[in-house]
Every structure is written in structure tokens, then in C-alpha cells.
Amino acid sequence: MLGIQMKFNEQVKSIEIIEAKTPKEPTARYQRVYSPIKEIPSNFVAIDFETANSNRCSPCSVGIAIVKNGEIADSFER
Numbered sequence: 040m041l042g043i044q045m046k047f048n049e050q051v052k053s054i055e056i057i058e059a060k061t062p063k064e065p066t067a068r069y070q071r072v073y074s075p076i077k078e079i080p081s082n083f084v085a086i087d088f089e090t091a092n093s094n095r096c097s098p099c100s101v102g103i104a105i106v107k108n109g110e111i112a113d114s115f116e117r
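Residue numbers 40 to 117, in this note's numbering, belong to the letters of the sequence shown in order.
Keep in mind that the hints were calculated from the coordinates and are not lab data. The reader is advised that the hints may include incorrect statements.
Stated by the list, open to error - Straight-line alpha carbon distances no greater than 20 Å define the calculated SDA-like cross-link-like pairs of lysine to any residue that follow:
| no. | residue 1 | residue 2 |
| --- | --- | --- |
| 1 | Lys107 | Arg68 |
| 2 | Lys107 | Val84 |
| 3 | Lys77 | Val106 |
| 4 | Lys107 | Ala85 |
| 5 | Lys107 | Phe83 |
| 6 | Lys107 | Glu78 |
| 7 | Lys107 | Ser81 |
| 8 | Lys107 | Asn92 |
| 9 | Lys77 | Lys46 |
| 10 | Lys46 | Ile57 |
| 11 | Lys107 | Ile76 |
| 12 | Lys77 | Asn108 |
| 13 | Lys107 | Ile79 |
| 14 | Lys77 | Lys107 |
| 15 | Lys46 | Ile56 |
| 16 | Lys107 | Asn82 |
| 17 | Lys107 | Asn94 |
To be verified - So the derived label-pair ranges between C-beta atoms look like this:
| no. | residue 1 | residue 2 | range |
| --- | --- | --- | --- |
| 18 | Phe115 | Ile79 | 16 to 24 Å |
| 19 | Asp87 | Asn108 | 18 to 26 Å |
| 20 | Glu89 | Glu49 | 42 to 50 Å |
| 21 | Tyr69 | Phe115 | 48 to 56 Å |
| 22 | Arg68 | Asn48 | 16 to 24 Å |
Even glycine gets a Cβ: it sits at the ideal position worked out from N, Cα and C.
All chains should be built: construct the whole structure from the sequences, respecting the hints.
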């Protein structure tokens, strides 16, 4: 990303660039934690929550899978 500050000069009726900042790397908004489980349980529910963009508050789809004894017993998507 490149940050540029501009202002409109009334006298000459034009836009002037005040400062061009050096590009910066995008940063993660939320800290990611990775803690793998040692053994996958045979009974669990998996939830897939989709968002429309990078905003966590923009849900557009959800999927659920119910696993019993290592097999998918039921699933749901909306």
C-alpha cells in the first residue's frame, strides 16, 4: 500500500501532493493462534463460517458437518 496525502490549492485550482509515504506491508488485524490437536476425535461438529470480505461482521454463508464415529452423519449449508 502507498499512502499519499493531497490537498486542493484554491489559488491555482489544482490538487497538490503533500507527502507520499513509503509502501508498507499489510498487517494482520487479528492475532492467529495455531495449536494443533494430537488426535482427531471420532465425534465432532465442523463449522465453516464464510464472510463477504475481510470484515468479520459480514457473514454470507455457513456450513455445518456432524461427524459420528468418523463418518459424516449430517451436513447443513445456508
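Do the hints match the structure? See the list:
{"no.": "1", "hint": "Lys107 <-> Arg68", "in the structure": "35 Å, violated"}
{"no.": "2", "hint": "Lys107 <-> Val84", "in the structure": "9 Å, holds"}
{"no.": "3", "hint": "Lys77 <-> Val106", "in the structure": "18 Å, holds"}
{"no.": "4", "hint": "Lys107 <-> Ala85", "in the structure": "11 Å, holds"}
{"no.": "5", "hint": "Lys107 <-> Phe83", "in the structure": "7 Å, holds"}
{"no.": "6", "hint": "Lys107 <-> Glu78", "in the structure": "15 Å, holds"}
{"no.": "7", "hint": "Lys107 <-> Ser81", "in the structure": "6 Å, holds"}
{"no.": "8", "hint": "Lys107 <-> Asn92", "in the structure": "33 Å, violated"}
{"no.": "9", "hint": "Lys77 <-> Lys46", "in the structure": "57 Å, violated"}
{"no.": "10", "hint": "Lys46 <-> Ile57", "in the structure": "7 Å, holds"}
{"no.": "11", "hint": "Lys107 <-> Ile76", "in the structure": "18 Å, holds"}
{"no.": "12", "hint": "Lys77 <-> Asn108", "in the structure": "18 Å, holds"}
{"no.": "13", "hint": "Lys107 <-> Ile79", "in the structure": "12 Å, holds"}
{"no.": "14", "hint": "Lys77 <-> Lys107", "in the structure": "19 Å, holds"}
{"no.": "15", "hint": "Lys46 <-> Ile56", "in the structure": "7 Å, holds"}
{"no.": "16", "hint": "Lys107 <-> Asn82", "in the structure": "4 Å, holds"}
{"no.": "17", "hint": "Lys107 <-> Asn94", "in the structure": "33 Å, violated"}
{"no.": "18", "hint": "Phe115 <-> Ile79: 16 to 24 Å", "in the structure": "21 Å, holds"}
{"no.": "19", "hint": "Asp87 <-> Asn108: 18 to 26 Å", "in the structure": "21 Å, holds"}
{"no.": "20", "hint": "Glu89 <-> Glu49: 42 to 50 Å", "in the structure": "48 Å, holds"}
{"no.": "21", "hint": "Tyr69 <-> Phe115: 48 to 56 Å", "in the structure": "26 Å, violated"}
{"no.": "22", "hint": "Arg68 <-> Asn48: 16 to 24 Å", "in the structure": "36 Å, violated"}
Violation of the numbered hints given earlier is confined to hints 1, 8, 9, 17, 21, 22; the remaining hints are satisfied by the structure.
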